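Student: Could you use the hints to bring the two separately framed chains together as a complex?
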Amino acid sequence: MGIHVVIQAADFDVSHEYQTLGNSDEPYGAIVTFVGLVRDFSDQSLQAIELECYESMAQKSLESIAETAYDRFDVSQLSVIHRTGRLLVSDQIVFVGVTAKHRRSAFDCANFVMDFLKTEAPFWKKEITTTDEHWVEMKESDSARRRIWE
Amino acid sequence: MINILFFGKLRESLGVSSVTMESGSITSVQELKLALYTEHSQWQALLDDPNTQVAINQTLKSMESHINDGDEVAFFPPVTGG
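Protein sequence lines correspond, in order, to chains A and P.
This note's numbering numbers the first residue of the first sequence as 1 and each following residue consecutively.
This note's numbering numbers the first residue of the second sequence as 151 and each following residue consecutively.
Please keep in mind that the hints were generated in silico from the structure rather than gathered at the bench.
Just so it is clear, the structure is predicted and the values come from calculations on it, not from any experiment.
Treat the hints loosely; a few may be bogus.
What the hints assert, rightly or not - Computed cross-link-like contacts, DSS-like style, restricted to lysine-lysine with a CA-CA straight-line distance of at most 30 Å: (1) LYS211(P) with LYS125(A); (2) LYS101(A) with LYS211(P); (3) LYS126(A) with LYS211(P).
As the list claims (entries may be wrong) - Pulled a few chain A residues facing chain P out of the computed Cβ check, cut under 8 Å: (4) VAL38; (5) LEU51; (6) MET114; (7) PRO122.
C-beta: ideal position from N, C-alpha, C; glycine also.
Just chain P, same shape as in the assembly (with noise of 0.2 Å):
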């Protein structure tokens, strides 16, 4: 199973802060958007947004990224703490 979690302006614009998926033949953050386009097609252009990060375990990672089953992901917009 990989959790799936979304954060700020992103959370909001897909309406839901987290989801899971069972891991299957999921190997990388690519395929994990595959899979989730499948389910909600209206997603893609937001997560395929250039500006849209990702966190494998809590630490910033590429799009390019492996994932195992298990895995925290994050997607979230640039950050703007502080």
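Same shape as in the complex, but just chain A (with noise of 0.2 Å):
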């Protein structure tokens, strides 16, 4: 079963990824990848962001949700980096990769795993600004998405 999950301070290579996605013996016509981003859309006042960690519980629940999208979609690989630590504006945070048959399951795979991460993989984000320091709230949008899967 190809499925990756890794947790990790460190940045990751989205090109290094892709070419391993596709070392894969199972056929496949479709490689969709996803990356999340440090992003500052209300003042510019964003200068970084901490994201804290229950790692033994973010790795298994990385992996059930994987596993889960992975006997949902007829997908051939499925990989999920998340980083953690203190990262920067425009810093990657994310990465999901899927390499399916069809580029449906690919994109479906690829929507499932981020609506579930960020909804039950135990990470918080505490956005460092020019002026202040505050933990970012759920947002209920976020738990909307997820209850469509269900």
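Tutor: Have a look at this one:
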């Protein structure tokens, strides 16, 4: 089974991950990759985020989400990478890569993994701005997105 | 012994990331919380926040769940990763 889940402080290289996904004996006709970035959509005051993680639970949680997605969407390879620690604006936070026979299952699998990751995997973001530090609050829109899959 | 962990805003508000407690007569999350309040009364408002979640041995559970000696019990706010 081609599932790969990693939690790391270090950055990742999307082209390397893309190559790794492609090194599969199973036939596939689609590769979907998603990268989530640190963003500042408000007022350009964001300097960094601190990503805290309950690592042993996060590993279990991401593996469980990946296994569920793998079985549900008939994909060939599924890779999930989530970073921790201090990240700057535009830094990469999370990677999801999927190979599948067809594009629909690859897109759906990546969406499913992100929707569950954002609502179940134990990571917490703290935003450090030029004026203060504050913990990011859960968004109801993320929970609503996840419920679509139920 | 029960190993108790706190994360995120809750960890910062409590000012501690982990404590241990003799399991004694504690058999549920609710009993564990009451035992914690006996030692740290100021923790009650934070741990009783309806948004606070609990995991037992790295699996999300309800506040009504049973716990056993040797369990790892973690309290934390809703997750915000990704």
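Student: All the hints need checking, so say for each whether the structure fits it.
Tutor: Okay, the hints, checked on the actual structure:
{"no.": "1", "hint": "LYS211(P) with LYS125(A)", "in the structure": "holds (22 Å)"}
{"no.": "2", "hint": "LYS101(A) with LYS211(P)", "in the structure": "violated (36 Å)"}
{"no.": "3", "hint": "LYS126(A) with LYS211(P)", "in the structure": "holds (25 Å)"}
{"no.": "4", "hint": "VAL38", "in the structure": "violated (11 Å)"}
{"no.": "5", "hint": "LEU51", "in the structure": "holds (7 Å)"}
{"no.": "6", "hint": "MET114", "in the structure": "holds (6 Å)"}
{"no.": "7", "hint": "PRO122", "in the structure": "holds (5 Å)"}
Going down the numbered hints, you'll see the structure goes against 2 and 4, while the others check out.
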